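Chemist: Sequence:
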Amino acid sequence: MKLFSCICGVTSSLFFESTQCTTCGRLTGYCQDIKAVIGFDKTELDGIYTSTVNGKSYRQCDNYSLHQACNGMVPTDSIEADVLPNQMLCFSCHFNDNIPNLSVPGHINLWRKLEMAKRRTLLTLDALNLPLLDKQEDPEMGLSFDFLADKQVNDHFATPLDGHEPVFTGHNNGHITINIAEADDVARASTRLAMGERYRTLLGHFRHEIGHYYWELLVSRQSAECKRFRALFGDERESYQDALDHHYEHGAPENWQDNFISQYASMHPWEDFAETWSHYMHMIDTLETAQTFGLQITTNNHSDDSTDMTELSLPQAINYFDKKSSLLDMIETWVRFSVILNSLNRSMGLPDAYPFVFNEVIEKKLRYIHYLIHSSASQKKVKQPQDKTAPEH
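Residue 1 is where the sequence shown starts when you use UniProt numbering, and the numbers rise one by one after that.
Keep in mind the hints are simulated off the structure, nothing from the lab. None of the values given here were measured: they were computed from a predicted structure. The reader is advised that the hints may include incorrect statements.
Derived DSSO-like pairs (lysine-lysine); straight-line CA-CA distance at most 27 Å [unchecked claim]:
hint, residue 1, residue 2
1, K113, K151
2, K35, K2
3, K323, K227
4, K323, K35
5, K2, K324
6, K227, K364
7, K113, K2
8, K42, K2
9, K35, K56
10, K135, K35
11, K56, K42
12, K324, K364
13, K323, K364
14, K324, K227
15, K113, K35
16, K323, K2
17, K113, K135
18, K35, K324
19, K56, K2
Estimated spans, in silico, between C-beta atoms of each pair [claimed, not checked]:
hint, residue 1, residue 2, range
20, I7, G234, 49 to 59 Å
21, G349, T22, 25 to 35 Å
22, T289, N54, 22 to 32 Å
In this text, a Cβ means the ideal position worked out from N, Cα and C, and glycines have one as well.
Could you build the full structure based on these sequences and the hints that come with them?
Modeler: Next up, the structure:
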């Protein structure tokens with residue numbers, strides 16, 4: 001994740017979520033057309049803002065102006081038009097099918113957290129030049145989101161809602177459902193502890209479910225790609241329901257660390273792929289963020305103060321989103337950096353930020369994700385018919 005700056009100067013950085021410059025007070029927002037967070041000046045026309053970068057006119061996304069649920073800005077072709085669209089949604093918000101019931105107290109704050117994680121996910125996918133089609137562009141496999149509840153928000157989602165079916169976080173044919181309980185810190189932590197997980201975040205959920213989406217889009221439709229996938233992850237044609245039942249009854253195999261990035265990844269090849277995909281996203285996005293800050297860390301492995309110091313600096317020449325960049329270099333940097341990241345957390349009395357370990361098998365799977373993302377086929381808008389319907393997972 002990169003930093004941005006306002007036109008007023010470079011002393012005040014704009015972050016991806018920024019809605020106002022803390023130096024000059026300008027409204028700020030993310031513009032998909034220039035892929036940046038920039039500042040805006042008000043105009044005499046109600047709701048119309050002028051970009052300080054390109055002079056174009058923009059409106060706030062409705063979810064920005066009405067609910068402060070995002071910071072997306074939408075370019076307006078003609079600010080003199082008598083009739084503007086009934087709904088003005090930014091690039092991220094237009095993928096939504098259903099949002100939480102905002103008449104329920106507490107839902108709007110959880111929705112804001114969901115949108116923040118979703119925007120970060122989409123930004124990474126866009127930076128990788130992956131196809132991002134909506135349901136209008138591809139009714140069969142376009143991407144869409146539901147954010148739904150099946151329990152009461154006022155007791156951290158302990159009490160079921162009358163007349164509501166259970167909501168399962170998952171993916172099915174391009175449609176991703178997230179139970180909004182995952183945005184409640186207490187509910188999510190309770191689930192994490194009950195499941196024996198060391199890591200459970202909203203951003204992790206989005207990246208995992210997106211992994212399922214791209215498996216269907218980039219792997220399942222090509223026989224040659226399916227063969228490559230099965231050689232590394234196993235045969236996805238094995239019963240998913242049987243694998244699910246076995247996992248929750250018996251847990252992960254004793255030696256799961258030898259072949260999988262997480263216990264959940266050991267359940268079924270689909271889950272192994274989605275988990276590996278999400279960890280690839282964690283790695284490249286976090287490394288870019290550290291690189292953006294020019295992070296340089298000096299370490300001393302000896303007690304003698306006169307010993308030469310060795311320096312770990314994140315390679316400024318590497319573009320973590322470029323297919324020409326070496327995945328092996330990325331992994332080596334990430335392994336070293338994650339140790340530092342975890343040590344910083346421990347110094348603050350926090351759990352490890354990245355409680356996972358790579359080995360040769362996992363690196364091979366990450367190499368496949370890297371190849372798949374950057375292969376020429378993945379850069380095209382895939383609209384071929386699907387030969388089967390995968391279950392929700």
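Chemist: Look at each hint and say if it fits the structure.
Modeler: Now the hints, each set against the structure:
With a C-alpha separation of about 18 Å, the suggested pairing of K113 with K151 holds against the 27 Å cut-off. With a C-alpha separation of about 11 Å, the suggested pair K35 and K2 falls inside the 27 Å cut-off, and the hint holds. Proximity of K323 to K227 is assessed by CA-CA distance (about 22 Å); at most 27 Å being required, the pair is judged to hold. Between K323 and K35 the CA atoms are separated by roughly 20 Å; this keeps the pair inside 27 Å, and the hint holds.
A threshold of 27 Å between alpha carbons decides the hint, and for K2 with K324 the separation of about 20 Å falls inside it, so the pair holds. This hinted pair checks out: K227 and K364 have alpha carbons roughly 15 Å apart, not beyond 27 Å. For the given pair, K113 sits about 20 Å from K2 by alpha-carbon distance, which is consistent with the 27 Å threshold. Taking the CA atoms of K42 and K2, the gap is about 26 Å. The hint holds against a cut of 27 Å.
Between K35 and K56, the direct Cα distance comes to roughly 14 Å. Compliance with the 27 Å bound is thereby established for this hinted pair. For the hint pairing K135 with K35, the CA-to-CA distance comes to about 22 Å; that is within 27 Å, so the pair holds. As the CA atoms of K56 and K42 are separated by approximately 12 Å, the hinted pair is consistent with the 27 Å bound. Note on K324 and K364: the hinted pairing holds, with a Cα-Cα distance of about 17 Å set against a maximum of 27 Å.
Note on K323 and K364: the hinted pairing holds, with a Cα-Cα distance of about 16 Å set against a maximum of 27 Å. Using a Cα cut-off of 27 Å, the hinted pair K324 and K227 holds, with the two alpha carbons roughly 24 Å apart. Restraint check for K113 and K35: the C-alpha separation of about 21 Å stays at or below 27 Å, so the hint holds. As the CA atoms of K323 and K2 are separated by approximately 19 Å, the hinted pair is consistent with the 27 Å bound.
Restraint check for K113 and K135: satisfied, since their Cα atoms lie roughly 24 Å apart, inside the 27 Å limit. Among the hinted pairs, K35 with K324 is consistent with the structure: their alpha-carbon atoms are about 22 Å apart, no more than 27 Å. Only pairs whose Cα atoms come within 27 Å are accepted, and K56 paired with K2 is accepted, the gap being roughly 23 Å. At roughly 53 Å, the beta-carbon separation of I7 and G234 lies within the given 49 to 59 Å, and the hint holds.
At about 28 Å, the CB distance of G349 to T22 agrees with the hint of 25 to 35 Å. At roughly 26 Å, the beta-carbon separation of T289 and N54 lies within the given 22 to 32 Å, and the hint holds.
Checked against the numbered hints given earlier, the structure satisfies every one of them.
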